[in-house]
Amino acid sequence: MGTNKKIVVLSGKGGTGKTLVSVNLAAADFDSYYLDCDVEEPNGHLYFKPQILEEKNVSVLIPNVNNDLCIGCKKCVNFCQFNALAFGKKVILFKEICHSCGGCALVCPAHAITEIEKTVGIVNIGISENVKTVGGIMNTGEASGIPIIKNILEYIKDKSGNVYIDCPPGSACIVMESIKDADYCILVAEPTIFGAHNLEMVYELVKLFNKPCGVVLNKCTEGLNPSEEFCKENNIEILVQIPYDAELGELNSNGKIAVRENYKNNELFYSLLNKVKEVIK
Amino acid sequence: MKQLLILSGKGGTGKTTIAGAFIKLHDAKAYADCDVDAPNLHLITRHKDMPTKKDYYGLPKAYIDANLCMGCGLCQQSCRFGAISYKDIYFVNINACEGCGVCEYICPAHAVSLKETPAGELFLYKNESVFSTAKLKMGSGTSGKLVAEVKKQLIENAKEVDLAIIDGSPGIGCPVIASLSGVDMSLIVAEPSVSGISDMERIIKTARFFGTKIAVCINKYDINFLNTEKIEAFCADNNISCVGRIPYDSAAVSAINRGESIVEIDCASGNAVKTVYGRVVEILQKEIVL
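Here the protein sequences line up with chains A and B, keeping their order. Residue 78 in numbering that gives the first Met the number 0 sits at position 79 of the first sequence; the count goes up by one each step and never skips. Residue 108 in numbering that gives the first Met the number 0 sits at position 109 of the second sequence; the count goes up by one each step and never skips.
Same shape as in the complex, but just chain A (with noise of 0.2 Å):
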């Protein structure tokens, strides 16, 4: 087993800023490894722009049948609690509902079904100056990102260092995947009410977890800001927090790292990465 430190950055809501706060802390931490999870819109390498070193195919199995074998008893049909099976003259696969579970081969009594690969997306895993990023892109119809994120985790097992680990939105079962393992869990919201709803709702699945966490405000402007007035009520601690501000905008609409240019409030990124680096040590 590796000895690294997983920081996780989520937020319920979309579009807060997740991507921004990673690859910045990854970028401005020593060596470092980037996980971009959000396989359904990946972004990270938009940044990044890694070299990539080593990309491999992630493949779930699903049912193949025999058409000679098979005897048209349907238990693999009323066996599927997904209706990814259905029959008509033969037995037909709707594969993108497939979960893999393997259940249809089970049953089968005449040993017509066989189970066979299927690619649902890839994994990379690349370089870019001081920071090694794991990504993968799941293809588009797919309907689960899991296996590829599975993998992605896997990967850095053994690996020691820190990890900075890009979340997809949501709080749903792929956001659990993420976070299941965390050491620390940078929750990133936005100043709108729709922010600060979203933001509780991933502060509960943290809380469920029992993972530490803190929070990163971003695109502050003047006047109320919903999301810091949940973390006060509830005693969460706000870590930083980034102004809204058009250079910044600019900056991060054209894929740059802020803290590998000449932004002018890069300190911001230090200090939360000390903050960070000082509750994982």
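These are calculated hints, taken from the structure and not from any lab test. Source: prediction; values computed, not measured. Incorrect hints may have been included.
Reference listing, derived: stretches of chain B covered by chain A, where coverage requires no fewer than 3 residues with Cβ under 8 Å from a Cβ of chain A [as the list claims (entries may be wrong)]: (1) 100 to 114; (2) 137 to 145.
With the Cβ distance kept under 10 Å, some of the chain A side facing chain B (calculated, not the full set) [what the hints assert, rightly or not]: (3) Phe81; (4) Gly101; (5) Asn123; (6) Pro167; (7) Cys172; (8) Glu176; (9) Asp180; (10) Pro190; (11) Met200; (12) Glu203; (13) Phe208; (14) Pro211; (15) Thr220; (16) Asn251.
Just the calculated beta-carbon pair ranges, DEER-fashion [as the list claims (entries may be wrong)]: (17) Lys125/B with Asn63/A: 46 to 56 Å; (18) Phe93/A with Ile93/B: 24 to 34 Å; (19) Tyr247/B with Ser270/A: 24 to 34 Å; (20) Ile70/A with Arg207/B: 31 to 41 Å; (21) Ile70/A with Lys285/B: 20 to 30 Å; (22) Val278/A with Lys158/B: 20 to 30 Å.
Idealized CB from N, CA, C, for every residue including glycine.
Fit chain B to the given chain A structure using the hints.
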């Protein structure tokens, strides 16, 4: 009923804000929030009445009866989801369990059964308008199935309505696919960043699978003019209508925080959304004639 779905691929580009504005402008009688992982539309639609609530059951989850279990471990070996652990006894981690039933089938001692487990709640607001929304329980899977329930609830309660406005979820996976079924037109809210462009291209690919009409609008276009032009060029190359540019507007932030829609106040973003709305309606109507 025509269905207009608002999508973006990337999160936080302004789907809910634009959905809220469209609901106001159209005086919509039917709308839904399909972002069941992080629903927000109810925060700005201001329904006074309490909604009717309904428990949502996803797939059942496995349960091991420790009194019957003889500790053979076959269930753990057969589970593809790593949902069965052993610590003194074999037990199921319900967050990982997908309810496939393999463990129940394989158990020689009949110690495993599948039990119904609530995975979320459906809400229906029904007075002068019908609003269908839901909240998935934290950490639950099967969000696509709940999205399908949200849409079913909307359609059943608003059969006579001409147009339904549906707020989608980020990403391109199962909840998005579920929200796309039966949709006439997808409005994609793009952001002029390298991330926004990449995500827009992937959501367009996904939406095309379903043969819906597609239009794109660009939110916060003034963050990056060059990228805004790139999006417009991409749309032109791919024969997709680009229905307008909406500026970054701090007045939008304060309107949202007051629980107001941006078209209720006189602001730059609200006025731009009105133009976008006009063009979307035009495209939708054109489709009716065809």
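To see whether the hints hold, each was checked on the structure:
no.: 1; hint: 100 to 114; result: holds (count 4)
no.: 2; hint: 137 to 145; result: holds (count 6)
no.: 3; hint: Phe81; result: holds, 7 Å
no.: 4; hint: Gly101; result: holds, 6 Å
no.: 5; hint: Asn123; result: violated, 15 Å
no.: 6; hint: Pro167; result: holds, 7 Å
no.: 7; hint: Cys172; result: holds, 4 Å
no.: 8; hint: Glu176; result: holds, 9 Å
no.: 9; hint: Asp180; result: violated, 13 Å
no.: 10; hint: Pro190; result: holds, 7 Å
no.: 11; hint: Met200; result: holds, 6 Å
no.: 12; hint: Glu203; result: holds, 6 Å
no.: 13; hint: Phe208; result: holds, 9 Å
no.: 14; hint: Pro211; result: violated, 18 Å
no.: 15; hint: Thr220; result: holds, 6 Å
no.: 16; hint: Asn251; result: holds, 6 Å
no.: 17; hint: Lys125/B with Asn63/A: 46 to 56 Å; result: holds, 47 Å
no.: 18; hint: Phe93/A with Ile93/B: 24 to 34 Å; result: holds, 26 Å
no.: 19; hint: Tyr247/B with Ser270/A: 24 to 34 Å; result: holds, 26 Å
no.: 20; hint: Ile70/A with Arg207/B: 31 to 41 Å; result: holds, 40 Å
no.: 21; hint: Ile70/A with Lys285/B: 20 to 30 Å; result: violated, 53 Å
no.: 22; hint: Val278/A with Lys158/B: 20 to 30 Å; result: violated, 55 Å
Checked against the numbered hints given earlier, this structure breaks hints 5, 9, 14, 21, 22; the rest are met.
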